[in-house]
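All chains should be built: construct the whole structure from the sequences, respecting the hints.
Note that the protein sequences, when read in sequence, are chains A and B. Residue numbering for the first sequence is 1 to 117, as defined by our numbering. Residue numbering for the second sequence is 1 to 114, as defined by our numbering.
In case anyone wonders, no lab produced these hints; they're calculated from the structure. Using N, Cα and C, we set each Cβ at its ideal position, and we do this for glycine too. A couple of the hints might just be wrong.
To be verified - So the derived list for chain B, only partly shown, Cβ under 8 Å to chain A, looks like this: (1) 45; (2) 46; (3) 48; (4) 65; (5) 91; (6) 101; (7) 102; (8) 103.
As the list claims (entries may be wrong) - Pair ranges (Cβ atoms, derived): (9) A:18 x B:62: 41 to 51 Å; (10) A:10 x B:81: 33 to 43 Å; (11) A:7 x B:73: 35 to 45 Å.
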Amino acid sequence: AQKITQTQPGMFVQEKEAVTLDCTYDTSDQSYGLFWYKQPSSGEMIFLIYQGSYDEQNATEGRYSLNFQKARKSANLVISASQLGDSAMYFCAMREPTEGSARQLTFGSGTQLTVLP
Amino acid sequence: DAGVIQSPRHEVTEMGQEVTLRCKPISGHNSLFWYRQTMMRGLELLIYFNNNVPIDDSGMPEDRFSAKMPNASFSTLKIQPSEPRDSAVYFCASRSGAGANVLTFGAGSRLTVL
Numbered sequence: 001a002q003k004i005t006q007t008q009p010g011m012f013v014q015e016k017e018a019v020t021l022d023c024t025y026d027t028s029d030q031s032y033g034l035f036w037y038k039q040p041s042s043g044e045m046i047f048l049i050y051q052g053s054y055d056e057q058n059a060t061e062g063r064y065s066l067n068f069q070k071a072r073k074s075a076n077l078v079i080s081a082s083q084l085g086d087s088a089m090y091f092c093a094m095r096e097p098t099e100g101s102a103r104q105l106t107f108g109s110g111t112q113l114t115v116l117p
Numbered sequence: 001d002a003g004v005i006q007s008p009r010h011e012v013t014e015m016g017q018e019v020t021l022r023c024k025p026i027s028g029h030n031s032l033f034w035y036r037q038t039m040m041r042g043l044e045l046l047i048y049f050n051n052n053v054p055i056d057d058s059g060m061p062e063d064r065f066s067a068k069m070p071n072a073s074f075s076t077l078k079i080q081p082s083e084p085r086d087s088a089v090y091f092c093a094s095r096s097g098a099g100a101n102v103l104t105f106g107a108g109s110r111l112t113v114l
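Right, here's the structure in full:
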């Protein structure tokens, strides 16, 4: 079963506008973490923002914020004041507890964001 | 810090050849992960190590794939023999212990098997 679902294969946004990238997740654990990564055309994976399941406040990092709705199991990424350099693939990921001390990340299929001038 | 360093960045080889991908994690990080990214399957975890010990290799596609971590600063992912369907971008990522969450990825190794 899909654990991380990103329903928007592609999104367009006008420069300087805000955009929301959707992410829903599925877990039966109470303790988990949610991440967003950015992958520009150059290929590297860049960490953007993290939200722990017990965090009561929505995470924010500069122009990035995570709209965490636990009951709905959603963790949408909001990018404010979009810039041309924000054009990239964006991945939502979840960490769940696993046996032992190591914890894995499971990634969604990604959303390709294009910022229009 | 130089970040996670992967080599080679690009590799083109012929079917049947052995391929070795290399990774140097961030100094002090004690967990290391190998991921594969393809258009069809997205990002898949192949294997991860904790303190140089393989914890879970259930994501390794088949016996042609093997990974080692002989010390805390070096890991290899080997494919022997390689096949065209192995063409992908292979990422190495590392994470510090003690409750840390964020994986830091290398730039990836793009493998093309002809």
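Here is how each hint holds up against the structure:
no., hint, verdict
1, 45, "holds, 6 Å"
2, 46, "violated, 11 Å"
3, 48, "holds, 6 Å"
4, 65, "violated, 17 Å"
5, 91, "holds, 6 Å"
6, 101, "holds, 5 Å"
7, 102, "holds, 5 Å"
8, 103, "holds, 6 Å"
9, A:18 x B:62: 41 to 51 Å, "holds, 45 Å"
10, A:10 x B:81: 33 to 43 Å, "holds, 37 Å"
11, A:7 x B:73: 35 to 45 Å, "holds, 40 Å"
Taken one by one, the earlier hints fail for this structure at numbers 2, 4, listed in ascending order.
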